[in-house]
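Q: Line order of the protein sequences matches chains A and B.
Counted from 1, the first sequence has number 69 at position 53 by my numbering; the numbering is strictly sequential.
Counted from 1, the second sequence has number 222 at position 154 by my numbering; the numbering is strictly sequential.
Don't read these hints as lab results, they were simulated from the structure.
If a hint is listed, it holds; no wrong ones were tucked in.
Within a straight-line C-alpha distance of at most 25 Å, the following computed DSS-like cross-link-like pairs (lysine-lysine) qualify:
(1) B:K222 with B:K233
(2) B:K265 with A:K118
(3) B:K265 with A:K171
Here is what each chain is made of, one letter per residue.
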Amino acid sequence: MDFIDILREKAFLGREFLTWLWFKSDQSGGRVEIPGKKVLEVFFLDRMTLDLSDTESLQTVTLKGGQSELREGLAALKEGKKIEEARISIRATENDFTMVLKGTWFSFGSFRTPPILPADGSDVDDGGEGSFLEKAYLLEEGLENIDALFEYFVKLRISEEWENIELPALRKWIENSLT
Amino acid sequence: MGFLSRSVSIMRYGVRGKIEGSFWDVVDDGIMKNAFREIDTSGEEVGLGWVSIDDFTDNQFKGTSYLRGNYVALSIRVDTVKVPPRILEINLKKESKKLLEESGTQRLSSSQRRELKDRLKEKLKSQVFPSIQVFDLIWDTAKSVAYFGSHSIKARERVEYQFKKTFELTLIPLIPYLRAEELLSEKSDRLILEKLKPSSMVP
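Turn these sequences into a full structure, and let the hints guide you.
A: Here it is in structure tokens:
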């Protein structure tokens, strides 16, 4: 398959990941445990876009506001829509990252890392290299957290557990949240 | 500066291909040959190329200033000029009238009109300030991954082309499926991934 075919035919993977991540986060009060690896705090913030990803007709719903506005997204999920992009926060140990994660391209908008520490005297002559490397390190840490969550999802998604346990639980979550 | 800002846009790319010869010599040579320069041909683009990530007026990279640890840190600078449509229209009317008077004809053919329009655009270009766009690119040479500071399709196409031209390496957007392939080490898992179909999440 060439790149364009993959982009078109496999776009569902990113959308299912975001939808599943909302389910995992909502179900556990934000605490997502990646078995054998780490625990991350994941919260869906104030913005979410959902669409009918697996059909030709483009029907998009954009939600902005607090948690109660985002709950309207559950009604969109019930109609078969999936999350195309969402503003999320991920906290690991002491570092907090926020970003708008986009499902189709797996790209990141408004990616905020913890602040870089102000340069002390020893950094004056390094041409900003110290700040650069610190920022690069923080960005990579944020992306590693996303990758850890994505890897957890992908391994579940290709296992029998997906059809037998995870997907029924996700459907039940949507159903119960609406009643 | 973009990359060091508190809030950044990131498009993640895998860097595919292999550099023939001495890695850092090829990198340095490529950057210097494709550093920002003005373009003296027709069209809206009047300047294109790599500049320092710290200073978009610096295309010299003294002391391999693009090198930061394992990273190659660059910005791509794109200068374009666009003649305002109304200004073009005024000049086009004026010049058309002059041409018609000179030739004694009633109207210009569509090709004459197009030719005149192109000529005027080029003439008026020098009177317009360019729009300067600068986008950061961070290439982690140890992991063969690059981070680009824009989601704009046009900017992405430009940097993909420029990167290929500079290093003869290809930037592939790490969309979910391709990232998933990288994360699955077992071939049997990748085969299942290949056959996956969308799941209905409707209760």
